[in-house]
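Build out the structure end to end from the sequences listed, making use of the hints.
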Amino acid sequence: MLFNYYPFIFLFLPIALIGYFALGRFSHLAPVIWLVLASLAFYAVSNWQFVALLLASIAFNYLIGWLLIAAQLRGGVRFGVLTIDVAGDLIVLGTFKYAGFLATNLNAIFGAGLSVHILLPVGISFYTFTQIAFLVDAYRGNVARYALPHYALFVTYFPHLIAGPILHHRDMIPQFEAAESKSPNPHLILCGLMIFAIGLFKKTGLADGIQPLVALAFSPEAVPSFEQAWIGALAYTFQLYFDFSGYSDMAIGISLMFGIFLPLNFNSPYKATSIVDFWRRWHMTLSQFLRDYLYIPLGGNRHGRVLRYVNLMITMGLGGLWHGAAWTFVAWGALHGVYLCVNHVWTHFGPAAPPRFARAAEWAAFVLTFLAVVVAWVFFRADSMASALSVLSKMVDPTQGSFGRVEMANMMFVAVYAGIAWLAPNTQAIMGYHHNNRTVGETLGAWSRRPAFLYVSAAVLAFGILGIQQHSEFIYFRF
Amino acid sequence: MSNVAKDLVRFLATSALVMLLAVTLTFVVDPLQIFRRAHLFAAMYSQDSRMQDAGLIRSQDFDTVFMGTSLALHFRQSDIDRVLGVHSLKLSLNGSTSVEQNFVLAAALERHVKMVLWEMDDWIFHDAPGIDSNVYLPADLYRRNLGGVASYLFSGAMARESAWILARSIPPIEKPVAWLTTGVIFKFPIDRVDDINVLRPGFDVAGTYNAKKSFAAFKYITDPVRSIYLADGADYDRMVRNFERDAIGLIAAHPGVTFEIYFPPYSILQWVAMRDASPGTFEQVYNFTAYVSRRLTSFRNVQLYDFREASEVTHDLNNYADVIHHSPTIDLKVLSWLAEGKYLVDPSAPTASLDRLKAQMEAYRVEDVER
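Sequence order for the protein chains is L and U.
Residue 108 in the working numbering sits at position 108 of the first sequence, with consecutive numbering throughout.
Residue 332 in the working numbering sits at position 332 of the second sequence, with consecutive numbering throughout.
Everything labelled a hint here was simulated from the structure, so no lab data went into it.
The beta-carbon is built from N, C-alpha and C at its ideal position, and this holds for glycine as well.
The reader is advised that the hints may include incorrect statements.
Said to hold, decoys possible - Distance ranges between label pairs, derived from CB positions:
1) T208/U x A418/L: 31 to 37 Å
2) V177/U x A418/L: 16 to 22 Å
3) G19/L x S169/U: 48 to 54 Å
4) R144/U x A429/L: 45 to 51 Å
5) L106/L x A363/U: 40 to 46 Å
6) L106/L x L21/U: 41 to 47 Å
7) G280/U x T83/L: 51 to 57 Å
Shown next as C-alpha cells:
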C-alpha cells in the first residue's frame, strides 16, 4: 500500500488509529499487537507473497537477539552467533536483491548463460539494516531484552516499513512501551496531519509535477540537447528530494498521530556547503547507520589518513550498492566516496579563505557542492552507465544546445523548484519538530497567528490529496 | 471540546472546502470540454490523446473519425477534410493497442459517425491489458459514469490546468502564461484542434526522415543481440482472437458505418529485417495479415487498402525516420491514395497485394543500399 493512495488515507489510516486508541483504553500491549497486525496488513496489500519472509526474518533475528542478550554465551560463541545472523541476513538480502546482478555480470565476463529472475521484496533493504543494527548492539551489550510484540512492531511499524526512515531500537522501542502514546493526543494528531499534508504535497504537487522534465534527459528514447540534459538532471535532483523527503515527512506525520516520534531523514540537503555537510542532511538515518555499523567498525579515521579514505570509499561504494543492484549505483556511491575524500583532504590541507572573502568562499562551496551532487545523481537515475555518460557528455557540450523557447520556459520551472529547495524553510522548521526533545508545534506562534497557518496547511493537504495520481510510486520503494 | 480539537475540526473542514473550490474551478473551466464547449475561456488542447480524446468526442462536430497508432499521429484534420471531403476528428493514439483503439472508437461511434478511417498495424493485436487496467486512458471518463466524472473533477492536475487556462485568459498575463505553456509541465498548450500532435512549425523534417536514419534503425533491429524482439509478442492465435474481438466486433456492430481501413506503408526494410533476422516472424505476420485481409474484405461496409506494396514510397528510404515511421509528406500521399482508391484490396483476391509485397521483399538487396 502507498501513502499517496486514497484507500490508505481514507480507510486504512483512520481504522488503524481508531483501533489503536480504542484498545489503548484497556491495555498497553493490545495496541502494540494491533499495530503489528495493521502493519502486516499494510505490507500484505501489495506484497502478500513476502509476508512470510518478513515474519521469518523477525523470528530469526529475535531468536538470535535473545541468544545474545539473555543466554549466557562465551565471547567466541557470541561472536559466532552474531556472524551467523549477519551472514544469514545478508544472504537473504543478497539472494533477493543481488542474485540477478551477479548473474548478469557472470554472463558478461564468462558467458555463463545464467538466468535469474527474482522479485524484490519491498522494504527488504530497510528491515534488514534495522535488524542488523539491533543485533550488533545486542552483541555489544547495549540492548535490554525486548518483548516480542514490541520487537515485531519495531521492525514492521508501517510508517517506516517500506522506505524508512531506518529506525534505531533504542529510539523506538521505549516509545512503543510508553503508556502515554496509547491515548489520543489531539495536538499530536493535528501536528501529524499538518506534517503529513506537507509531505503529501511535496510528493503529489512537486515531485510528480516535475517528472515530465526528467524524461527529457532520461527516457529511453531521449536524445537530449545541452540544455535538455541539464534540465533533466536538475529536475531529477529536485524530484528525488521532494519525493523522498515528502515520503519521510508523511511517515513522520503518520507516526506522530500515533504519538510516536520518528527520526528526521532530511534537513534541507541542497543548502549544504560541503559534501560532508550534504551527508549530514540527506537520508540522515542511512548516513548514521553506515557511519555506526560500517565505517566505524572498518576502522573509521582511527588508523591514519590513507585508511580513512579507503574506509570512506568502501562505505560509500557499499552504500551505493545498497540502493540498487546496478553499476550505476556503485558509481554514484563511489563518486560520493571520492567527493568525501577530496572534502577531507581540502579541510586538512586547503587554505582557509581570508575573512573578507569568507562569504564568497561559502557561496562557491555551496555552488560546487550542489553541482557535484547533481552530477552524481545522473548515475543514480540513469538506466545504464552508457546512458549516464551520454547525459553527462551532453551537459558539457554547449554546442549541442538549441536554447529555444520551450527549453527556456522549462528552465523557469526548474528555477521555481530550486527556489523552494534553497529558500523555503524545511518541514521541521515550519512545524517546530524536535525528535530528541519529543516536541512539536510549540513554535507555531501565538494563537493570533495560528489560524492563518492552520488554513494554509489545510489547503496544502487539499492540494496534496487532489494531486494523487493512479500511477505514481515513491522512488525509494525500489530500494 | 478543547481548543486543539476545534483546530483539528477546522483544519479538516478547510481542507474539504478547498477541495470543493478546486472542483468548482475544474467544472467551470472544464479543460477537456467534457461538460460543455469552451465559451467562457479559450479552448485549449493537449497532446495526450488518451486523455484529450475523451473531451474531443464530446465537444467536436464530426462525421468521420481517424484512428491509428504513431503512424497516424501527425496527420492534420484539415488535410483529411480537404482531400477526402469529410468532417473528420483525429483520435489516433501513440503506441496504442487494439483494446484502446476499439474502446475509443466505440465511444466516438455513439455520435452518429458515417465513416471510420483506420490505420491498422498488425502489432496492435498483440495481447494487452483490459481497458480498465490501463492507467493512461481514463476509461470511466469516456463512459461519463460517476467514477469518471469524479476522478476528473477531483483531480489536482485538472484544477492546476484550469487555473492555468484561467490565467491565460487574463489579458495582462496572457502572453507570459502562453510563453510558459510548453506542454511538458502544463499540458494544454494547443489552441486549435487541427494542431493536436502535428509536427510543430520549423520541425527538422529532412534531419528526422532520411535514408541514413532508416538504415541505422535497420542495422539496430537486425543486430543478433536484438533481433529476438522482432518476434516479441507475435502469437498468431492470440492476435486472431484480439482482431476478432476488437476489429471485427466493432465493424459487425456498426453495419451503417463505412470502415476505410489501410495497412500503412512501412519501409521495405521492415520486411527485409524479418526476412534476414527473423523469418518465423514474417511467416506469422504473413499468415495473420492474410487472415485479416480475408475477414475484412468479407464485410460490405469495409474497404481495405494495402499500402505496404507501394514501392514508390516504401523503397525510398528518405521517407522514413526508422524502418516504419514515414514523413508528413507520405501522410498526404496516403490521403490521396485513399481519395483515388489506389491500392484497394480486391475482395476476390484478398492476399494478392501481400504476395506482391513478399516478392518485393525477396528481391530486395540490402547490399545495394549499403553501397
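Hints versus structure:
Range check, T208/U to A418/L: about 33 Å between beta-carbon atoms, so the 31 to 37 Å window is met. The hinted range of 16 to 22 Å is satisfied by V177/U and A418/L, whose Cβ atoms lie roughly 21 Å apart. Distance hint check for G19/L and S169/U: the Cβ-Cβ separation is about 50 Å, which falls inside the suggested range of 48 to 54 Å. R144/U and A429/L have their C-beta atoms about 46 Å apart, which keeps the hinted 45 to 51 Å range intact.
At about 45 Å, the CB distance of L106/L to A363/U agrees with the hint of 40 to 46 Å. Between L106/L and L21/U the beta carbons are some 59 Å apart, a value that contradicts the proposed interval 41 to 47 Å. At roughly 54 Å, the beta-carbon separation of G280/U and T83/L lies within the given 51 to 57 Å, and the hint holds.
When held up to the earlier numbered hints, the structure conflicts with hint 6 and nothing else.
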